[in-house]
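Going down the list, the protein sequences come from chains A and B. Residue numbering for the first sequence follows UniProt numbering, starting at 1 and increasing by one per position. Residue numbering for the second sequence follows UniProt numbering, starting at 1 and increasing by one per position.
Calculated from the structure, these hints are not laboratory results. Hints may contain errors.
[Said to hold, decoys possible] Result set (SDA-like, lysine to any residue): computed pairs, CA atoms no more than 25 Å apart in a straight line:
| no. | chain 1 | residue 1 | chain 2 | residue 2 |
| --- | --- | --- | --- | --- |
| 1 | B | K99 | A | N334 |
| 2 | B | K191 | B | V29 |
| 3 | A | K14 | B | K80 |
| 4 | A | K68 | B | V93 |
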Amino acid sequence: MDAIEKELDRLTGKANLSKSIKDIDACLELLMAARSTIETDPSSAASTLSSLEGQLKTGFDKTNDSLKEVYGGLNKYGKALDKKFKPVNMSDYDVLSSHQPLIDRAIAMHFLREGNFDIADTFISEAKLSESVPPSLETEFRDMYRIREALRMRNLAPAIEWAASKREQLEARGSNLEFELHRLQYVVLLFGGEEGGAIKALEYSRREFVPFQQKYLGEISQLAGALLWQQKMASSPYAELLNSESSWEAVIDSFTSEFCSLLRLSAESPLYVATTAGAIALPTLLKMTSIMKEKKTEWTSQNELPVEIPLPDKYKFHSIFVCPVSKEQTTDSNPPMMIPCGHVLAKDSLNKLSRSGNRFKCPYCPADSLPKDAREIYL
Amino acid sequence: MMATKTSATLNPETHLLLDQPLLRLPHEVLRKIFKTSQKYVEQDAKRITDLAKDAASKSDSPEASLATLNTMITRIQGLKRKMETLHEDEKAVHLQSRKRTTHLNDLYSLSSLLEDGYGRWSKVRLDRLLVDYMLRNGYSESAKKLAQEKDIEGLVDVDVFLQCWSIEESLRKKSTVECLAWCQDNKNALKKIKSTLEFELRLQQYIELVRARKLSDAVSYARKHLSGNFDTHKDDFHRASCMLAFPPERPGPYKDLYAESRWDHLVKTFVATHHNLYNIPQGPLLHVALSAGLSALKTPSCHSALQSRSNTASTVTSLCPICSMELNNLAIHVPYGHHTTSWVEHDLVVLPNGRVYGTKRLEDLASKLGLEAGRIKDPITGEEWDSIEVRKVFIS
Chain A
1 MDAIEKELDR
11 LTGKANLSKS
21 IKDIDACLEL
31 LMAARSTIET
41 DPSSAASTLS
51 SLEGQLKTGF
61 DKTNDSLKEV
71 YGGLNKYGKA
81 LDKKFKPVNM
91 SDYDVLSSHQ
101 PLIDRAIAMH
111 FLREGNFDIA
121 DTFISEAKLS
131 ESVPPSLETE
141 FRDMYRIREA
151 LRMRNLAPAI
161 EWAASKREQL
171 EARGSNLEFE
181 LHRLQYVVLL
191 FGGEEGGAIK
201 ALEYSRREFV
211 PFQQKYLGEI
221 SQLAGALLWQ
231 QKMASSPYAE
241 LLNSESSWEA
251 VIDSFTSEFC
261 SLLRLSAESP
271 LYVATTAGAI
281 ALPTLLKMTS
291 IMKEKKTEWT
301 SQNELPVEIP
311 LPDKYKFHSI
321 FVCPVSKEQT
331 TDSNPPMMIP
341 CGHVLAKDSL
351 NKLSRSGNRF
361 KCPYCPADSL
371 PKDAREIYL
Chain B
1 MMATKTSATL
11 NPETHLLLDQ
21 PLLRLPHEVL
31 RKIFKTSQKY
41 VEQDAKRITD
51 LAKDAASKSD
61 SPEASLATLN
71 TMITRIQGLK
81 RKMETLHEDE
91 KAVHLQSRKR
101 TTHLNDLYSL
111 SSLLEDGYGR
121 WSKVRLDRLL
131 VDYMLRNGYS
141 ESAKKLAQEK
151 DIEGLVDVDV
161 FLQCWSIEES
171 LRKKSTVECL
181 AWCQDNKNAL
191 KKIKSTLEFE
201 LRLQQYIELV
211 RARKLSDAVS
221 YARKHLSGNF
231 DTHKDDFHRA
241 SCMLAFPPER
251 PGPYKDLYAE
261 SRWDHLVKTF
271 VATHHNLYNI
281 PQGPLLHVAL
291 SAGLSALKTP
301 SCHSALQSRS
311 NTASTVTSLC
321 PICSMELNNL
331 AIHVPYGHHT
341 TSWVEHDLVV
351 LPNGRVYGTK
361 RLEDLASKLG
371 LEAGRIKDPI
381 TGEEWDSIEV
391 RKVFIS
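Bound conformation, chain A alone (with noise of 0.2 Å):
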């Protein structure tokens, strides 16, 4: 990038019009000054004329010659950006030319769960977008950001009361934030610094934990216990859960991320997590094309990338089997399965160890079984 801003200065500094403007600007004086000279004197007309003619070719040479700086200048940036950026092909990459209505599905829920309700409207018009997505998002989403802004401005209320009414599937998912935000708002209540706080908070706790009770007991009654912190409010273990601002942008992103999940969505845009996986692929993809182009080799598989692409770890979201037998990796014809060892082996490999049924060794262990005792396992 030096190269490049080193070139784009002299583009800035130097080789500019501004050069040739001025040189264009001393012709004009020159013009005014043998105007000038003939208005005062009418006889030196034709001597001043024929001056002028070379005088105003040495100007414009001058001229061309400023312009000549700007055009070296324009081609060494250009150099320098060559140098940088190796023309690439991408268009081997471009397999969604012919699904645009998907993409422009996908954008306009992005800019939904982004909350950039405005130009979610202008898109969804533009793109004629009305049918493919369902107007519900939308009321969903704007409120999602409601209850955010709210806890932002550090009031539990809507959340909670969004919580409460989603308890079943909250619970089914093996959420307990419905009782985090509960604690939290306890917590508020005690150490919040309002006249009376204990009495409201002790009021709180009986009038709403009532439903908690068997299932957080350990942890109502530690609530319970800090009823005698609040006047120690700075060393109490609560101090920290009520002033941190982290704590509360976990409570954020937890709520988040219960309510994206209850749609059926992915708490992060995929949108962006695809792009930016995408992203970190390329400089795999595109040397694995190069080699396979000048090796004239095709890819064996077309369902599967021919290369290993490295993702951080965040970017995992599924279990994955490759099986250590055929090093493929295990699919809906070719499931998993575990061997009564405990060992776990693809079907298609199971299927080539046992031939045709028969007893076989464990690939990994001494024990050997038979194919029909091999279970399909879920990943």
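Could you slot chain B onto chain A? The hints should help.
Chain B in isolation, oriented as in the chain A frame:
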């Protein structure tokens, strides 16, 4: 751990594949500004020096000389104004390029893909790619709004694409005027790449005259605009002359010349030529990024027929982006990622229903749900068992 480390390393040198047009396009704009300035200077300088020469060679009256001088002064003032306007444009492009190098340089200050800074940078990149995608598809209002709201107007090329789109639209409405004007504007550049765009536009114009049976107009149009290209387009020329004898109702062998689809072809040719001149990719880079990203993320589980397989690993609580409604249908069209090693939770156990989970995940869920001691619950199906019913699974 080593693997994790390397896969999170950010290498800015190779990471900027999607970002070339960011600097390429303004460079082409600068070149265009320069070419225009060169043309202005050439024309006006010639005119003015000619006038000077003329005036010097004949001895006019002082009044006449002054009049000539005034003409020259007006002319050069005009040149100066035009140059100043170009210089303003030039400065704007310089400023824009500076913003872009700064944006690209920001990436060089990062070293890990896990840094918050990278997330922010990548968000801006997505917005850039979206604006580019919208402009190429004519969603101009959305593009402008997005650029403005995200404050990335310096990083996107709204004007260039708007011009391109308006010419596309005019071609779709079967008007060649705008596109021909554009060709005129870029005459030298088009000549340099041996573009046939202008010829094809002229040919179309001629075909339309023939279609309307204005045959003598057609012939004179061809004489004026097509005959100059006879050497390079002999076949086209012959066929174009012969089609005069075949009216559109009985096109005979000239069906293709009468075809409406020629207009679509013109649109495509124009767009390809336009992007070529500005040194920008032919298709939206969003497609490229998405295709690569969908593949990298996609696993055989993402489109498994068995709903029960759409399991997410416990390390991530969120739904997989490929399984999410937004991209699921789109991802059908790409291959899935290649993996050489398994990626599973620790201490795997299998439940009586054949489903496999990490022990910790089951324990966490049981305690969150407040299950009785020794009971476990399948996080996906909700079935409950005694923990003695689970078996260890070994995945190597």
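field: Non-conforming hints, listed in increasing numerical order
entry: 1
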